[in-house]
Structure formats: C-alpha cells, structure tokens
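Participant: Numbering-wise (UniProt numbering), the sequence shown opens with residue 1 and increments by one.
Derived by calculation from the structure, the hints in this document are not laboratory data.
Ideal Cβ placement from N, Cα and C applies to all residues, glycine included.
A hint or two may mislead.
Quick list of simulated restraints, FRET-style, between CB atoms [unchecked claim]: (1) I509 - K535: 38 to 46 Å; (2) L222 - R136: 28 to 36 Å; (3) E365 - E167: 51 to 59 Å; (4) C491 - P182: 52 to 60 Å.
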Amino acid sequence: MSVNKKNIGLPYQRWHIAKQNEELAEKLASVNNVSPIIGQLLINRGMETPEIATRFINPECINLPSPLDEFPDLVPSVELLASAIRNHEKIAICGDYDADGMTSTALLLRSLGSLGANIDYAIPSRMHEGYGINKRIVEEFHSEGVSLILTVDNGIAAFEPIARAKELGLKVIITDHHDLPPQLPVADAILNPKLISLSSPYRGLAGVGVAYVLAVCLAQHLGKLTGLVQPMLDLFTLGTIADLAPLTGVNRRWIKRGLKSLYKSNLPGIQALIQVSGVQPSMGENQQVSKAQNSKSLKPEDIGFRLGPRINAVGRIGNPQIVIELLTTDDMGIALERAMQCEQINAERQKICEEIQGEAILLVEDLYAQNLHQDRVLVVVKDNWHHGVIGIVASRLVERYGVPVFIGTYENNNLVRGSARGIPEFNVFEALEFTRDLLYKYGGHKAAAGFSLPAANLENFRLRLSEFANQCLEVQHLKPLLRIDGQINLCQVNRDLFQQLNILHPCGIENPDPIFWTPQVRVVEQQMIGKGSIKLTLAQIIDNIRYEIRALAWRWGDYFPLPFTIDIAYKLRENNFNGANDIELELVGVRLPQQYHQSCNYSFDGN
Numbered sequence: 001m002s003v004n005k006k007n008i009g010l011p012y013q014r015w016h017i018a019k020q021n022e023e024l025a026e027k028l029a030s031v032n033n034v035s036p037i038i039g040q041l042l043i044n045r046g047m048e049t050p051e052i053a054t055r056f057i058n059p060e061c062i063n064l065p066s067p068l069d070e071f072p073d074l075v076p077s078v079e080l081l082a083s084a085i086r087n088h089e090k091i092a093i094c095g096d097y098d099a100d101g102m103t104s105t106a107l108l109l110r111s112l113g114s115l116g117a118n119i120d121y122a123i124p125s126r127m128h129e130g131y132g133i134n135k136r137i138v139e140e141f142h143s144e145g146v147s148l149i150l151t152v153d154n155g156i157a158a159f160e161p162i163a164r165a166k167e168l169g170l171k172v173i174i175t176d177h178h179d180l181p182p183q184l185p186v187a188d189a190i191l192n193p194k195l196i197s198l199s200s201p202y203r204g205l206a207g208v209g210v211a212y213v214l215a216v217c218l219a220q221h222l223g224k225l226t227g228l229v230q231p232m233l234d235l236f237t238l239g240t241i242a243d244l245a246p247l248t249g250v251n252r253r254w255i256k257r258g259l260k261s262l263y264k265s266n267l268p269g270i271q272a273l274i275q276v277s278g279v280q281p282s283m284g285e286n287q288q289v290s291k292a293q294n295s296k297s298l299k300p301e302d303i304g305f306r307l308g309p310r311i312n313a314v315g316r317i318g319n320p321q322i323v324i325e326l327l328t329t330d331d332m333g334i335a336l337e338r339a340m341q342c343e344q345i346n347a348e349r350q351k352i353c354e355e356i357q358g359e360a361i362l363l364v365e366d367l368y369a370q371n372l373h374q375d376r377v378l379v380v381v382k383d384n385w386h387h388g389v390i391g392i393v394a395s396r397l398v399e400r401y402g403v404p405v406f407i408g409t410y411e412n413n414n415l416v417r418g419s420a421r422g423i424p425e426f427n428v429f430e431a432l433e434f435t436r437d438l439l440y441k442y443g444g445h446k447a448a449a450g451f452s453l454p455a456a457n458l459e460n461f462r463l464r465l466s467e468f469a470n471q472c473l474e475v476q477h478l479k480p481l482l483r484i485d486g487q488i489n490l491c492q493v494n495r496d497l498f499q500q501l502n503i504l505h506p507c508g509i510e511n512p513d514p515i516f517w518t519p520q521v522r523v524v525e526q527q528m529i530g531k532g533s534i535k536l537t538l539a540q541i542i543d544n545i546r547y548e549i550r551a552l553a554w555r556w557g558d559y560f561p562l563p564f565t566i567d568i569a570y571k572l573r574e575n576n577f578n579g580a581n582d583i584e585l586e587l588v589g590v591r592l593p594q595q596y597h598q599s600c601n602y603s604f605d606g607n
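Put together the whole structure using the sequences plus the hints.
Facilitator: This is the structure in structure tokens:
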C-alpha cells in the first residue's frame, strides 16, 4: 500500500461523489431562492421535499415537544434537585475530563449555584483512574456529607459505583449520552437520550445538552430562569460542537442561536478563550466588516479547531480544574490566567502529538505497511507514549493509511492501554467485543473506543483483530473515504456562493461541511508553510478565461510538490487574516486527472 502512495505522490483516497439530481435540485433551489448548487447540497443531506428543506433551513419554525414529555426521569430529577436545594442538602457533580464533560460540569456548577444549591464537584484522574465515576469518588463524597450525586457525561455503565452510593444512602441522578449497557445502574433517576425515541429531536444531545435541559427545567420549576439561559447556552454550544455531537434536531436549533451570541458572551472564560486563541468571527450574510460587533458570529470550526482543542488538551495532559475555573469564574483576570494555561498546555499537546505521530509512522513503515492489505488493521504499540493524546494520533494514522487503527502504550511493563479509531465499514466496538477474552477493560462505540490488555496478550490481540477485519473489510475499503457533494468550476467560487452556504450552517456531524471538486486544475504556485502544510495558487481555464484562487492543504507536506495538473476536492473558507476578506479553498483531496486514471488502471469511486 505504501508503495502505491509513494509512486503516485498524492493522498491515498477513494472518492465517493454524490449522485446528482438536477430536477429536484432546481425545485428546492427555486423554493428557497438559492442556487441549484445549494439545492443539491440539501438533497445530499436527506432534504428531498420543500417542507423538509424548510424545517432544516429554519429549525426555529418547528414546534418542539417539551423535554418533560420526552425524558421519563426528567420530572423526578427536577424534583430531587429542587428538594435538595430547599433543604440545603449538599449536591456533588461527578464530571469527565473531555470538553463535553468539563463544559457540562461548569454549566451545572454555575446554574445550580445561581439557584441556591450547596454544590461541589469531582472529576476522576485520566492518568490513574480513567473514565467515569468510581467507588473512591463515591466514598469521598459520602465522607464530605454529600446527599445527592449528579453525574454528567458519564455514569450509564457505572453499575458498581452507583450500587455503592445507594448502599451508603446517597441519592443519584445519572445524566449521560453514551450507549446503554446490558444492565442499567440502580439510580434514582437516569437522563440519557439513548433511552428516548429514535425520532425525538432530543436524541442527539451530548452530555452538555442533557445538562442544559436539566438546568433549564429546574430553573423553570423554581421560577428563576431569568438571566440563566444565555450563559448556559454559551456552554452548551461550546461543549456540543467540541464533542462532535450531531448537529441535527435541537442541537441544530440551539447551536444556531448560540453561535450568534458566543462572540459577545458574558462569560469571562469564553471571552478569554476567544482572545488567546485569536478567533476572528465572521460576518452574517450581506454584512460588511465595518458593521457593529453584535453582527459577528462564530462558526463551528472556530470551536472545533480553536476553542475546543484548548479545552480538550487540558483534559488530556493537564488538570481539568483549570478548565472548570476558567468557565465558572466571573473574574476576567482569573479567566485570562486560566486561558493562557490552556494555551500553553495545548501547545505542549501539539508537540507531544507530533512526536508520537512521527515515531508511529516510522514504526508502521518499518514493520506493517507492506502487509496492510493482508492485515486490514493497524496495531501500533510503543512505550513512553502519552496515552492522553494517542487517540488523536490514531485518527491521523487512519487518515494516512485508510485502515482501522489501534494504538497503545505500555504501562508498568505488563499492561497496554490504548485508543482505537475506525473507518465506515469497520465497527470498533464490535472488534473489541470479538477480542474481549484478551482484554482487561474496554469501552466505546462504532467509530472510536478505549481499551487495555495484558502485554502478554498483545500478539494474539493483533491476530484476532486482523481476523475480524478480514471478515468485514474488502481491499477496496482500505483507502480513506472522501464524500464529495458535487462538481463546480473555479469561476463559480465567489462571495455569493459562500454566503448562500450559510443556510446549511451550523455544519458538523451528520451535516458536514460541503465538499466540492473541480477537474483539470493547474498548480500555478506552491510553497511549504508552518508545520508541513502547503499554500497554493490554483488556476482553471474556461472558455479561454483564466480563473485563479488561493488554497491551503493542511499537513500535506508528505505530498509536496503536487503535480502541475490535478483534480481537487475542497471546502470553501473565508480568509480574514490581516484584514483580508477573501474566499479560499481548503484542499481535502487530490487525484491525477481522469485520463491518467484510465491509462494506469488506478481505481476510484464516484462518477
């Protein structure tokens, strides 16, 4: 596999180009007064009637059911918390160390504190305890006089710790969004969108979304909602996007609101994060840069690539208390101090990731790359890797090699602890189920998971995963899949098209950023910038007219220089750097033009 990639000198990909429906695209475009290009994008996202498209474009027009009717345990949860507040009982939150868990914890600390609760929190140690509430935390809460435990973004599989809490006479409310185990813990109330109807608009809530619903309903119950919604919405928006939750249903509706207000958030922590990360907000449709600040809004990528990683980095290699203090303080000075700590920790995280990625690639090229067609899975383990960041490296290896990746590091010489990332045709959780007799502990879902196993079982683990991979993967699956919405020419890339794309926003999971492709593009200029990225000027000649545009290809240093003529796949991006206001391309795929594929029998998917 690596030989092919080196010979062609381009990203190793399979392109899947969406089937085009010109008649329906024209119809949807006419109804919504947009380009047929946008009509096709709506079709690609499942909007095949004007009515469905209208609800997607304007989610505020949907009549939402009350969450009190959707979540069976929401009423008792509200009553338990209201009673604890009235009786001055101590409430303790058990959170998690990722962005979802930390924003959930901060949201409930702020809201319950404002409602008069005696509230505290704990987050387990990533390095020493791992994910979720445990018996130590339960017993510590009990010794501190806690009477009600509230889990956020965890707890749905914590059968033994919750049983211990009940033995000690504590009340427990579980709020979580992870997949359901065969046996639910015996808690006083459980809030989890996996327990409600598949058709419910609340089904896609992340942990912070469940916390948001609970806090709003509690504040309404106590008649103290005024002034609480906006800061909670800010934290909901930050946590939901950072957790890669689906941007559909209520997530889409509330995040559209949240992104408009996040830039002018009253929370010092969010203002400090925006300041230190250098996020530049975009303008709304038909607005000029000189408009007032309140017309500016953030986009999901501002959170996904700028704010979220600075929060997640702390959970990966630092102390989550830094983020909790950042998001709960009302002192701008403290907020800036904590935001700078996040910035420094994120820089350290980036350095660690680059080092591990480099070592992992050397290991793969030396030992495994030649056999990937046979193995169909990659298992990479080395000592002295930081397990807090190896999941990020796993994702990058999937992107590079196109196979499922299980990456780990040794702990205490006799234990391997790792992370796994999959591809569309491979279920990571089922793969770990297939090897469960070799594992010490595991958990996750279809696309990603964590695991640990005795080091003595590593070789059998590798063989068993390969056996599973060969049952579900064909050779043609072993390339990173690039889903493309349709073909356009560079002459169609302009400010008007970019503004029309706003009707799809916010984009994210289950509503991805549009990806277009253009054939026969010439590379006019290209140069390496930053840490292995390529800056380009591209041109296309149509009817003897030359159209040029700038482009960036992140982390594509391995493919430099690109050939003179290529087919490109890309997203549209706005460049506001140093006062610029240009539309540029972010390259996500490149292949040699069609006639080359035909002459050398190089296979690809699509039209």
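Participant: Return holds or violated for the Cβ distance of E365 and E167 against the range 51 to 59 Å.
Facilitator: At roughly 53 Å between Cβ atoms, E167 and E365 fall inside 51 to 59 Å, so the hint holds.
Participant: Go ahead and decide if the range 38 to 46 Å is satisfied by the Cβ distance of I509 to K535.
Facilitator: violated (29 Å)
Participant: Determine whether the Cβ-Cβ distance between L222 and R136 falls within the hinted range of 28 to 36 Å.
Facilitator: Once the Cβ atoms are compared, 32 Å apart, the range 28 to 36 Å for R136 and L222 holds.
Participant: Does the Cβ-Cβ separation between C491 and P182 fall within 52 to 60 Å?
Facilitator: Since the Cβ atoms of C491 and P182 sit about 57 Å apart, the hinted range of 52 to 60 Å holds.
Checked against the numbered hints given earlier, this structure breaks only hint 1.
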